[in-house]
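Participant: Sequence:
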Amino acid sequence: MDPRSGRDHPGRGEPLRGLGAHVPLSAVSSAPEQAGAPLPGRRPTLAWRAATVAGVLLGLAAVVGAVAHVYPSGSNRLVALSAFSSHLLALSPLAAVLLALARRRVAAGLATVLTAGAVAVLLPTYVGSPTHAGGRPLTVLTANVELGEADPAGVVAAARGSGADVVLLQELTPSLRTRLTAAGLDQLLPHSVEEALPGADGVGLWSRHPLVDEQHHDGLTFAAVSARLDTGDGQPGPTVLTVHAAGPWPQSADDWVRDMAKLPGLLDQLAAQADEHGSPVLVGGDFNATWGNVQFRTLLQNGYRDAAEQFGAPWTATFPSGYAIPPLIGIDHVLVRKAGVDDLRTVEIPGSDHRGLLVRVGLPAG
Numbered sequence: 001m002d003p004r005s006g007r008d009h010p011g012r013g014e015p016l017r018g019l020g021a022h023v024p025l026s027a028v029s030s031a032p033e034q035a036g037a038p039l040p041g042r043r044p045t046l047a048w049r050a051a052t053v054a055g056v057l058l059g060l061a062a063v064v065g066a067v068a069h070v071y072p073s074g075s076n077r078l079v080a081l082s083a084f085s086s087h088l089l090a091l092s093p094l095a096a097v098l099l100a101l102a103r104r105r106v107a108a109g110l111a112t113v114l115t116a117g118a119v120a121v122l123l124p125t126y127v128g129s130p131t132h133a134g135g136r137p138l139t140v141l142t143a144n145v146e147l148g149e150a151d152p153a154g155v156v157a158a159a160r161g162s163g164a165d166v167v168l169l170q171e172l173t174p175s176l177r178t179r180l181t182a183a184g185l186d187q188l189l190p191h192s193v194e195e196a197l198p199g200a201d202g203v204g205l206w207s208r209h210p211l212v213d214e215q216h217h218d219g220l221t222f223a224a225v226s227a228r229l230d231t232g233d234g235q236p237g238p239t240v241l242t243v244h245a246a247g248p249w250p251q252s253a254d255d256w257v258r259d260m261a262k263l264p265g266l267l268d269q270l271a272a273q274a275d276e277h278g279s280p281v282l283v284g285g286d287f288n289a290t291w292g293n294v295q296f297r298t299l300l301q302n303g304y305r306d307a308a309e310q311f312g313a314p315w316t317a318t319f320p321s322g323y324a325i326p327p328l329i330g331i332d333h334v335l336v337r338k339a340g341v342d343d344l345r346t347v348e349i350p351g352s353d354h355r356g357l358l359v360r361v362g363l364p365a366g
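Following the working numbering from start to finish, the sequence shown increments by one per residue and tops out at 366.
For the record, the hints were derived by calculation from the structure and aren't laboratory data.
Computed from a predicted model, the values in this text were never measured in an experiment.
A portion of the hints provided could be inaccurate.
In silico DMTMM-like cross-links for lysine to aspartate or glutamate, where the CA-CA straight-line distance does not exceed 25 Å [unchecked claim]: (1) 262 to 195; (2) 262 to 146; (3) 262 to 276; (4) 262 to 233; (5) 262 to 201; (6) 262 to 213; (7) 262 to 194; (8) 262 to 275; (9) 262 to 186.
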């Protein structure tokens, strides 16, 4: 013992005790920790906490998506949120994985249940059911031309390049109507019915085939027109309608809610008229809604199907277009009744903030 410190230690001239000397276990085990090295087998606490936080946040987002998917809100914010509800629901599997990795068993179990619900809701839309596909082909192009600001030559080029038999335009203005004629749309598709109006109010329908039973429909915020095609092959031609629902954002969603409530009646009316001729029905336009909006899914009754869902591509995005980011949501749709879907894709419409939606349908043969 050192009389000055009271501690045992070898004297300065005393030799060390050798390699077999007893060393306390605590000194060995604490050395790596004192040096900043993690203990073998120690939990990566920070990573697990991050996984927990991320999993909880993603799970909450998926829960919000589930509620928005089924709740028919009239609030513009919630309508806009509902448009992304399918995207939010798709986060549930990632939440379940992260929570399982973080060993949050209860939370992971809840996220797994939510995932099962999301799969049950979303998976059928990816399967598709091309009923009547491969029948008499008809190609339909629908596009919002953004307050008449779209390039008329680009619209005609899209119609010609796609081989469209029918073109449906929303936000058709008198000025654009004149410029489309100059660009050759009437030569390409010589039969039409339209209401060219200022602002976002106008719509138009052009066809390669003669039109009969032309109608202008009142009661919606914007114009709507329809006609039945005479395909000249002795078979019932389709009844075609173009519509444009009011926008729910950023303004009040009241007009949109009213339009979406009136559309089922209009679709039923067209279906009854079409059934008198044994005619399929095609409805194209800007619904300002996605499959995630319950009000849009309400339209899918009485035999109507969303072409994107029927084709197995429910997330086909058309808006916004012309920006650095790609389109995020699909608010432009073609609904089909007693017809199949052979192909579906989007096309660029220069000068518009929407991409056009191109659908090749198969009409029943005989």
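Participant: Residue 262 and residue 186 were given as a pair; does the straight-line alpha-carbon distance stay at or below 25 Å?
Facilitator: Since the Cα atoms of residue 262 and residue 186 sit roughly 32 Å apart, the hinted pair is violated (cutoff 25 Å).
Participant: Has the given pair, residue 262 with residue 233, been kept, meaning a C-alpha gap of at most 25 Å?
Facilitator: violated (34 Å)
Participant: Is the hinted pair residue 262 and residue 276 satisfied, with a Cα-Cα distance of at most 25 Å?
Facilitator: Cα-Cα ~22 Å, so holds.
Participant: Given the proposed pairing of residue 262 with residue 201, does the C-alpha separation stay at or below 25 Å?
Facilitator: holds (17 Å)
Participant: Holds or violated: residue 262 and residue 146, Cα atoms, limit 25 Å.
Facilitator: holds (24 Å)
Participant: Is the Cα-Cα distance between residue 262 and residue 194 25 Å or less?
Facilitator: holds (21 Å)
Participant: Taken at face value, is the distance from the CA of residue 213 to the CA of residue 262 at most 25 Å?
Facilitator: holds (21 Å)
Participant: Please work out if residue 262 and residue 275 have their alpha carbons no farther apart than 25 Å.
Facilitator: Given pair residue 262, residue 275 holds - Cα atoms ~20 Å apart, limit 25 Å.
Participant: Is it true that the CA of residue 262 sits at most 25 Å from the CA of residue 195?
Facilitator: Status holds; Cα separation ~20 Å.
The structure does not agree with the numbered hints 4, 9 stated previously, though it agrees with the rest.
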